[in-house]
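Participant: Listed here are the chains, written in short residue letters.
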Amino acid sequence: MFRYILQRGALALAVALVVSFATFMLLNFASDPASAIAGEDATQEVVERIRQAYGFDRPVLVRYFEWLGGVAQGNFGESYYWNKAVGQLVLERAPVTITLALSALFVTIVIAIPLGAMAALNPNSWADRFALTFAVSAQAMPNFWLGLLLIILFGVMVPILPISGDSTWQHFVLPAFVLGSSSVPAVMRLTRTGLIEVMESDYIRTARSKGYRGLSLLTRHAMRNALLPVVSVLAVQLGQKFGGSVITESVFAINGLGRLALQSILGSDIPTVQMLIFIFAITFVLMNLLADLLNAALDPRIRIG
Amino acid sequence: MSVETDPQLLPEDLLAPSPRSQLLHRALSHKGLLIGGFIVGTLILVALFAPLLAPHDPYAQSLAKRLLPPAWEAGGSWDHILGTDQVGRDYLSRLIYGTQVSLIIGFGAASVGLVIGVTLGVCAGYFGGWIDTVVSFVLTAQLALPGLLLAMALVFIIGPSVWVVIGIIGVLHWTYYLVVTRSATQRLKSQDFVAAANAMGASRWQVLRSEILPNVSSQIIVIFTFELGIAILAESSLSFLGVGIQPPIPSWGLMIAEGKQALFFRPSLVLFPGLMLFLLVIGANLLGDGLRDVTSPQGRN
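If you're matching them up, the sequences are chains Y and G in order. Counting with the working numbering, you get residues 0 to 304 for the letters of the first sequence. Counting with the working numbering, you get residues 38 to 338 for the letters of the second sequence.
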């Protein structure tokens with residue numbers, strides 16, 4: 000088990016390094032940070048002076064290792080656009096996005112697992128067909144459009160929930176629904192196929208013959224095994240929620256990391272964009288690592304085999 | 038000229054349906070496939086014949102006719118069936134031309150992803166060894182990247198145009214092709230007909246091109262259909278956020294962003310383009326589901 004953790008951890012670290020290197024190169028080759036700081040009407044001379052003052056004239060590899068060294072020491076760089084340390088910006092905005100991501104995951108679980116279970120217990124029934132139709136529709140729904148539909152619904156027709164901002168918990172209900180719904184199809188399908196497989200297994204037949212029926216059969220016997228793969232997919236989905244927050248936060252005017260990312264891109268604030276991409280990637284990598292470890296802890300076959 | 042019967046051909050062979058007709062039969066009895074195919078086919082026709090179908094010039098502005106409601110609402114006129122936008126452009130015409138934008142970007146980006154993913158997948162599966170290790174690592178790294186955010190940043194920095202959007206969405210969406218072609222190639226590699234081709238002296242390139250690729254083509258087509266929907270949604274998200282297709286091009290995502298300004302006053306400006314997106318993507322997904330069921334009947338669920 001210890002070797003397994005070590006292996007996975009090393010892979011995660013390598014992925015994080017490669018991702019940070021790739022984004023740094025992409026963003027620095029594609030853009031000219033000096034002219035971004037100087038503004039649009041700056042003369043060539045001013046741009047050159049800024050280039051030298053900030054050290055952008057040095058080789059990109061040197062700047063990458065400088066950046067990486069800074070990150071390792073907790074120095075995330077300076078945002079030219081916000082005139083603040085990037086680390087401070089991120090710390091200010093992160094709690095909102097973490098709240099949003101966790102509530103979205105909660106929404107996913109509450110909708111997807113019962114729906115998947117309902118479909119699996121009665122394959123090819125109306126419940127199964129309803130779940131499938133729901134999944135197909137949710138997959139084709141543009142996230143931002145769903146958000147706007149809810150804003151129309153709750154802003155005009157039934158004004159019971161706030162539609163913009165992040166000051167109370169009610170503000171998170173609609174955004175969490177929008178962000179959470181995008182994971183419902185994948186989690187629902189996985190619950191369904193997992194449960195169908197388990198329900199046909201020998202030990203469930205044994206449990207049935209011992210008199211277990213209905214909910215107790217489901218919760219005490221079937222769900223435990225059927226949800227094994229779901230747990231790890233949920234961890235991965237949580238990792239994706241951070242990257243997915245860009246759209247939801249923009250639609251609902253939530254001041255989290257996603258909105259910060261959009262604002263920084265539009266302001267050509269490369270250090271902040273670079274850092275946010277890195278943070279989202281790291282979150283995803285860590286969630287994947289967590290998923291692998293959870294899987295190994297829950298399923299002895301992976302640990303040993 | 039006399040008709041000769043082939044002595045090799047037994048009556049049973051003539052009676053049993055050929056694999057091709059079996060496939061056709063399965064396709065024609067698959068409801069989802071037919072609905073999806075109909076939706077996508079119709080929208081392709083709409084895109085091709087947009088100049089004939091659109092009642093107005095999608096770029097023609099008219100200050101006198103700003104924000105007209107759809108024809109069936111009070112104040113609407115049948116000259117502009119779905120009303121007009123903030124600068125008085127006919128909304129139906131813009132929706133029709135928007136089909137072109139979505140389909141060009143969808144097909145373009147899904148093709149770029151196909152080339153990258155299939156090349157990597159076939160190489161990793163066929164050669165194995167260190168190539169496979171490297172490709173698997175690249176895959177893990179690619180999956181960790183926040184795709185939408187990176188796409189936003191790159192499109193904005195490089196400068197938004199249709200070609201840049203196609204290229205960047207394509208470059209960021211190839212993992213699905215890779216995973217499937219890699220495992221399919223691994224399976225095919227050990228088959229007898231590949232060994233036979235090797236024994237007859239076919240080069241690696243010949244084996245890849247004429248033995249492996251034709252046998253993964255149906256899976257590639259299935260993924261292409263799904264990626265079409267994914268790319269279309271990605272473009273609409275980018276355009277909605279202002280870092281994709283730029284005005285005045287009628288991209289549905291951009292139209293939703295523009296309509297958002299009048300969200301409560303004229304919700305139809307947001308509703309219609311969203312419905313078109315939803316329809317096109319659901320069509321592509323149903324088509325993909327159907328093609329997968331039909332081409333590999335054992336692989337359902």
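Please keep in mind that the hints were generated in silico from the structure rather than gathered at the bench. Take the hints with a grain of salt, since some may be wrong.
Claimed, not checked - Okay, the calculated bits of chain Y under chain G, using three or more residues with CB under 8 Å as the criterion:
#1 39-53
#2 134-144
#3 155-167
#4 179-186
#5 241-247
#6 260-273
Stated by the list, open to error - The following label-pair restraints were derived from C-beta to C-beta distances:
#7 K68(G) with T205(Y): 54 to 62 Å
#8 V59(Y) with S148(G): 45 to 53 Å
#9 I168(G) with F64(Y): 57 to 65 Å
#10 E196(Y) with L60(G): 27 to 35 Å
#11 S173(G) with D201(Y): 29 to 37 Å
What the hints assert, rightly or not - The list that follows gives simulated cross-link-like pairs (lysine to any residue, SDA-like), each with its CA atoms no further than 25 Å apart:
#12 K297(G) with V155(Y)
#13 K297(G) with I319(G)
#14 K297(G) with L265(Y)
#15 K297(G) with A137(Y)
#16 K68(G) with L189(Y)
#17 K68(G) with R128(Y)
#18 K297(G) with L148(Y)
#19 K68(G) with F129(Y)
#20 K297(G) with Q262(Y)
#21 K297(G) with P161(Y)
#22 K68(G) with A137(Y)
#23 K68(G) with Q138(Y)
#24 K68(G) with I151(Y)
#25 K68(G) with L131(Y)
#26 K297(G) with Q169(Y)
#27 K68(G) with G164(Y)
#28 K297(G) with P158(Y)
#29 K68(G) with G266(Y)
#30 K68(G) with R188(Y)
#31 K68(G) with A126(Y)
#32 K297(G) with D201(Y)
#33 K297(G) with N123(Y)
#34 K297(G) with A11(Y)
#35 K297(G) with M156(Y)
#36 K297(G) with A252(Y)
#37 K68(G) with V155(Y)
#38 K68(G) with W125(Y)
#39 K297(G) with L149(Y)
#40 K297(G) with T132(Y)
We treat Cβ as the ideally placed atom computed from N, Cα and C, and that holds for glycine.
Participant: Can you confirm whether the C-alpha distance between K297(G) and Q169(Y) stays at or below 25 Å?
Facilitator: OK: K297(G) and Q169(Y) at ~22 Å, within 25 Å.
Participant: For a C-alpha distance cap of 25 Å, please report whether K297(G) and A252(Y) respect it.
Facilitator: 13 Å, holds
Participant: Within a Cα-Cα threshold of 25 Å, do K68(G) and V155(Y) meet the stated pairing?
Facilitator: With a Cα-Cα distance of about 38 Å, the restraint between K68(G) and V155(Y) is violated, given a limit of 25 Å.
Participant: Holds or violated: are the alpha carbons of K297(G) and N123(Y) at most 25 Å from each other?
Facilitator: 40 Å, violated
Participant: Taking the CB of K68(G) and the CB of T205(Y), does the distance hold inside 54 to 62 Å?
Facilitator: 38 Å, violated
Participant: K297(G) and P158(Y): Cα distance at most 25 Å?
Facilitator: Roughly 18 Å between the alpha carbons, so the hint for K297(G) and P158(Y) holds.
Participant: When you check the alpha-carbon spacing of K297(G) and L148(Y), does it fall within 25 Å?
Facilitator: Holds: K297(G) and L148(Y) sit about 11 Å apart, inside 25 Å.
Participant: K68(G) and R128(Y) were given as a pair; does the straight-line alpha-carbon distance stay at or below 25 Å?
Facilitator: 13 Å, holds
Participant: Counting residues of the stretch 39-53 of chain Y that have a beta-carbon nearer than 8 Å to any beta-carbon of chain G, does the count reach 3?
Facilitator: Violated, because only 0 residues of the stretch 39-53 of chain Y bring their Cβ atoms closer than 8 Å to Cβ atoms of chain G.
Participant: Are the Cα positions of K297(G) and P161(Y) separated by 25 Å at most?
Facilitator: 17 Å, holds
Participant: Is the distance from the Cβ of E196(Y) to the Cβ of L60(G) consistent with 27 to 35 Å?
Facilitator: 28 Å, holds
Participant: Taking the beta carbons of I168(G) and F64(Y), is their distance inside 57 to 65 Å?
Facilitator: 29 Å, violated
Taken one by one, the earlier hints fail for this structure at numbers 1, 3, 4, 7, 8, 9, 24, 27, 29, 32, 33, 34, 37, 40, listed in ascending order.
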